[in-house]
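**Q** Here are the chains, one letter per residue:
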Amino acid sequence: MTREVDARGRACPEPVLLTKKALEESGEITVIVDSRTAEENVKRFALSMKCRVRLERRGEDSLLFIEKPVSAEVSPEAPPYPASGPIVLVISSDRMGRGDDELGEVLMRSFIHTLGEASRRPETVIIFNTGVRLAVQGSAVLEDLRALCNEGVRILVCGTCLGFFEIRDKLAVGQISNMYDITETMLGAGKIVQI
Amino acid sequence: MKGADYCVMLFDSVSSTLLAEKILKRQEIPHKVIPVPRHISSDCGVCIRFSLDLRNRVEPALAGKVEFREICAL
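Line order of the protein sequences matches chains A and B. Quick note: the first sequence uses my numbering, first residue 1, plus one each step. Quick note: the second sequence uses my numbering, first residue 1001, plus one each step.
Treat the hints as calculated values from the structure; they're not laboratory data. Take these hints with a grain of salt, some might be off.
[Claimed, not checked] Below 25 Å or equal to it, Euclidean Cα-Cα: the simulated PhoX-like pairs (lysine-lysine) are:
1) A:Lys170 - B:Lys1032
2) A:Lys170 - A:Lys191
3) B:Lys1065 - B:Lys1025
4) B:Lys1022 - B:Lys1032
5) A:Lys68 - A:Lys20
6) B:Lys1065 - A:Lys170
Keep in mind it's a predicted model, so treat the numbers as computed, not measured.
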């Protein structure tokens, strides 16, 4: 019998936790959520458990029909997100480290330069807070960031932050992004490197 | 940028490097502050990279204002 999980109105991470619990007790469940984020999260979790997922949208609601593979056991210790995934670099400031601003600025330039020479590149670079100043016209690291971008590194720049500093029109590298993309990319990462 | 001939100028301190950078910036001499390449030193230092043909502009620009340790070809 299909078990139904009504996770409407529940805040993250509750829908995923409810899904996980239901899958431990039943092989076939239907999860109802009312936000795209919850839908994405539940879907990603189910797929990471190797379940079959069918999605149906009814108005505001998303129904996820989830079927556990016959042989698999959903272990209670199983991570809700994939353990392996891309390297994501998070730059949360225009300076590297706390303390002296001038030094921090040099270290950041130095770091981003070195990134271009590193043998292992991040798949995505997420830039937020004062870090967004690195991605606008006049930034000392613009050329290095552009080079990374040209080599296929995805650069997500926080739109809220660009707006806050009123430099949205000066963005010179990367794509303006939102908290959904940022959260999703971070949670889907195999490894996060934060500067 | 690859394939160009560069050299790096090493200093005894980060503050000297930054001072030199300010001077070069003011004189509009193209350069870049980069970490000291591994094969030159294992210290976590920064240095100034510029193209070899600018050497004859860089040295006089800094003369008497900031001391550097050495210039290495890359």
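**Q** Of the numbered hints stated previously, which ones are contradicted by the structure, given in increasing order?
**A** The structure conflicts with hints 2 and 6, although it agrees with all the remaining ones.
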